[in-house]
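Colleague: Residue strings, one per chain:
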Amino acid sequence: MKSFNYKTATSTKEAIKLFSGRSAFLAGGMTLLPAIKLRLAAYSDLINIKKIKGLSGIRASSKSLKIGSAITHAAVASSKEVIKSIPSLALLADGIGDPQVRNRGTIGGSIANNDPAADYPAACLALNATIHTNKRKIPADKFFKGMFETDLKKGELIEAIEFEVPEKSSYTKFPNPASRYAIVGVYIAKLKKEIRVAVTGVESCVFRCKKIEKALTDNFSESSIDNINISSNGFNSDIHASAEYRAHIIKVMAKKAVSTC
Amino acid sequence: MANVNIKINGKKISKEISDNILLSDFLRDKLLLTGTHIGCDTSQCGACVVHLNGNSVKSCTTLVADCDGCEVTTIEGLSSNGKMHVMQESFKKHHGLQCGFCTPGMVMSAIDLLQKNKNPNEQEIRDWLEGNICRCTGYQNIVAAVKDAASKM
Amino acid sequence: MVSLIGSKIERKEDKKFLTGKGRYTADINLVNQTYAYFVRSPHARAKILNVNITKASKSPGVVKIFTGEEIASEKIGGLIAGWKIVSQDGKDMKVPNHPPLAKHAVNYVGDHVAIVIAETLEQAKNAAELVDVSYKIHKAVVNTADAMQSEAIYEGIDQNLCFDFILGDKRKTEDSFSSADKIVKLDLRNNRLIPNAMEPRACIGDYNSSSDELTLYTTSQNPHLSRLVLSAFGGIHPEHKFRVVAPDVGGGFGSKIYAYAEDAVAAWASKKIERPVKWVAERSESFLSDCHGRDHITHVELAIKNDGKIIGLKVDTIANIGAYASLFATVTPTYLYAPLILGLYDIPTAFINVKAVFTNTAPVDAYRGAGRPEATYLIERIVHKAANEIGMDQAEFRRKNFIKKFPHQQCLVHNIDSGDYVAHLDKALEISDYKNFENRKSESAKKGKLRGLGFSTYIEACGIAPSAVVMSIGCGVGLWESAEVRFNATGNVTVFSGAHSHGQGHDTTFAQIVGDRLGVPMESIDVVHGDTDKGPFGMGTYGSRSLAVGGSAIAKACDKIIEKGKKVAAHMLEGKPEDIDFKDGDFILKNSNKKKTIAEVAFACYLPGQFGEIKSPLPPGVEPGLKETSFYDPVNFSFPAGTHICEVEVDQNTGETQVVKYTAVDDFGTIINPMIVEGQVHGGIAQGIGQALYENGHYDESGQLITASYMDYTMPRADNFPQIKVDYTTTPATSNPLGSKGCGEAGAIASPPAVMNAVIDAIGADVSMPATAEKVWNAIKKNDYKKSAA
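Residue numbers (my numbering), protein chains in the order written: chain H, 2 to 262; chain A, 32 to 184; chain Z, 819 to 1608.
I should point out that these hints are in silico values taken from the structure, not numbers from a laboratory. Fair warning: this is a prediction, and the values are worked out from it, not measured in the lab. From the three backbone atoms N, C-alpha and C, an ideal C-beta is built for every residue, glycine too. Hints may be right or wrong, so weigh each one.
[Claimed, not checked] To spell it out: a stretch of chain A is covered by chain Z in this simulated footprint if at least three of its residues, at any positions, have a beta carbon under 8 Å from a beta carbon of chain Z; those stretches are:
no., stretch
1, 60-70
2, 97-107
3, 153-159
4, 162-174
The task is simple: from the sequences and hints, build the whole structure.
Modeller: Now the structure itself:
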């Protein structure tokens, strides 16, 4: 693996101080390390943020659930607070990658990476999350910008993700048979004020499907999805699924999500 | 270069390491614990699974620097006094291995499953093993071995 | 004494693998070792204009960089096709030169351009990035179907045609079609597979200049054959000074039969730099440069009578063999394929034409089953369709057409010695609860799932193969196998085999044979293989041959031991050799209570004398020592056969298909260790289900391999499979002393059509492999459209 300096920060402040132009923050490393290994990325410094205490708490209230960015998927999946407050989020975490990835990979890392087929970005959009960084609070709607692209500035560090606790919610994933990432993932959340439907795996970046949101707002039932016409325009098309097929699967997954809400 | 202190298979070691060395390479090349295998470069095959502080992780995607102060258990650390771990015995009894290459990772992963779920059903075993690819066995005897080990652990 | 034959005995080799003490090639590190990294072509087809290594050579840690230029100037030979095929016009097949490092042109993505050798792997990789290769890119030939119409890749090989092979009686077959009541037609694609043994290939070349000895450690299924090829054709090093060691090998499935470019170059480079050169493939390199499997397109027609009797079969196949003709690439789609298109049916006449084409893709060679899965796929798919078209039950259609009398001379090549196809069909019907399928189908329907059932009644030709036969049809070597059974003075036994286990459990199965024959306990028997310096030359492990051929060699060597033992025991017991019986490890003098154990005889053979008396236990003329060698050449192929029945559930909404029930009843002849055999069946079926539903080696139009990692190539996981039910019927092979037929490839041969027939049965429409969710969904949609239109 190409060489880099490994530094450990014990506070957010220190992490920012250690950060330079060619640094990356290292949490679980589940996407960062393979990228370096495959020579797709190179850095001068990796700054370990796992020792920063403030990044590893889970706090639930009746309105929101706040998860520290360095919390692993396994910890989210098995957290009593999460299971009680937003069970669909625990289930989502339990379906990311495989057990070994879940033991290392973190929620902050997943969101900062914003893989177009990752699961957590869909949760953030559907659950109207707020991304807390060392500098500001970013609403999820403004956070995910494009393929592997977020609103984070260089050296800005995610500290926590705060989800709105929904009345009910569900996430269903149609996985890529090889990578097990989402070909289509649909997260449906019935929030206090609105219904949100987030779709991942389908375009270059996670997005909200306004058509389904509207249909479900009118009538929160599986059947209301039947008559929606999802255009495949701009959808990903690859050896695993054409754009047209993805459009179809969105509806199938959305119906399943409604039925399991 | 930095110094790390790691307890590996119950033995404390203190070593100067380069910042970019992966746990899998460290185990294989520096400690000559070659039971941990490398079968892919995208963190998917699971041949390199070891335990880090009791949890199964892919050592090919773990920096040694991240393991400072941690406990690592590899396939070589499972037997005690020449007696194999229940899981190892069960793999042997049920013919849960053929070429043996995926086996160490498979065994380490399966033990972690039973730490988290004492009595998994067949589907839960199959789901858990998602991160371990075997090309020889068709998994059937691996599943049988894990199930039987669960009844004995 | 309980017979060791047929006993479920836990494997002797397991403990080392389970405790992390296996020794694979990548685990070996030699003193003063260097690390190699290959510069590979990023283009599918290009001329090499220039390779500039100036900058790379100056990169830190670089020891040496070699290019195709040097390899060529040293007269290192190319990699060879080991089987000559003759085209229907009587001309020999055409094959391009396959240099270990390309000099003038690269012909697939991953083709080898240069080897960079450095003090560390990282340094080698860094320097490899600095090797500056100028290419002139040409349009790649990728598609199997269009290859013959595309621009010729090689000068002198028109239409990219390696050979145009025929087998069978064309006229008679045409006649059968004229008298048919019905002709059933089908177009099939046998998808390209990437073998993916879990251990990536690796090798270390280690040259000792003082002794002029070259050692190559390599991940090989057949180290002796690799040495022969690298020595005789590669000119790497003389055979007697060249040792090839294949330590523990982590799976092969055919892909580790061949001596690869990396083997040749690492061995040669070690001689040049006089240091060990180690290379270990990264998985992405395995995807690009391991030999792939299958990749056929086929048109098949079956002539049948109204009563369901098959009267003729016609097949046209284009086989994609990739950029070069690899070792067994030419026999795989011909003699391992064409004779098997008849399946286990009594078909009076058939004709097949196979055109093998070169494309700018990785070489395609034998992969688990090699030719036989392709043959089984076509015959079982068309039989399924034929039974449907004339409205006959799948089982009855098959039963009607089975070969029923043995030996049976098929109309193409094979003379099948034994079998009972009705027996395994009936057993499979019973175990799979065939009669209640409709109930299960209704249950599935209640869940919104389409359930289908598919058969595969198959045969394969294994135990490869009688040397005189295979050499008469183009094979470059004989396919016998060797064994040496060596008693040690203290009564334990070392067995040397020319076969080489890479997961099959030879240490155990072979010891069971020896233990059974010689009455020696299992723990006193050790099996040695995988090292050309230990044991006699052997042909290796592939083609489900290790037991039928290699095991038979061991059995025959044991018999020679007993023969000699009888002479010695007779002398010791003061009787005649013909009066000695051998049973359970004892030589017993008839009509007496006098006996000698085989350990006592072995001891006497090695220490032939006693204190105070000049008297030898050995009869005059008998040499000391107790060690026998056998080279066993089979008299015929063996013919495993069986019935597999698969049930799938298809989600109508998504097209997702799950195998929900699978039954395999196989006839492998005599089974030595049922536990190991069952494991082989499971693994083979898993690979076959993988081919049918998940796996596909996909190149884009420019020749880039799209499925070049586990992110895109679907490797089946544990959650893709149901419990597989395995059972057996037995008709011993008559062609070898063990009666064994071979079991390693059966699952991969039988299962793809069983799965696909089930999918087609479920959705009522045709679909190609792999039957991915989207393809199945599209097929359902189209079918619905057809239904509503009709």
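Colleague: Run every hint past the structure and note whether it holds.
Modeller: Against the structure, the hints:
1. For the stretch 60-70 of chain A, the stated coverage by chain Z is satisfied: 8 residues place a CB nearer than 8 Å to a CB of that chain, which reaches the threshold of 3.
2. With 3 residues having a beta carbon nearer than 8 Å to a beta carbon of chain Z, the stretch 97-107 of chain A meets the requirement of three or more and the stated coverage holds.
3. With 5 residues having a Cβ less than 8 Å from any Cβ of chain Z, the stretch 153-159 of chain A passes the three-residue criterion, so the hint holds.
4. Evaluation of the coverage hint for the stretch 162-174 of chain A: fulfilled, as 12 residues show C-beta separations to chain Z shorter than 8 Å, against a requirement of three.
Of the numbered hints stated above, none is contradicted by the structure.
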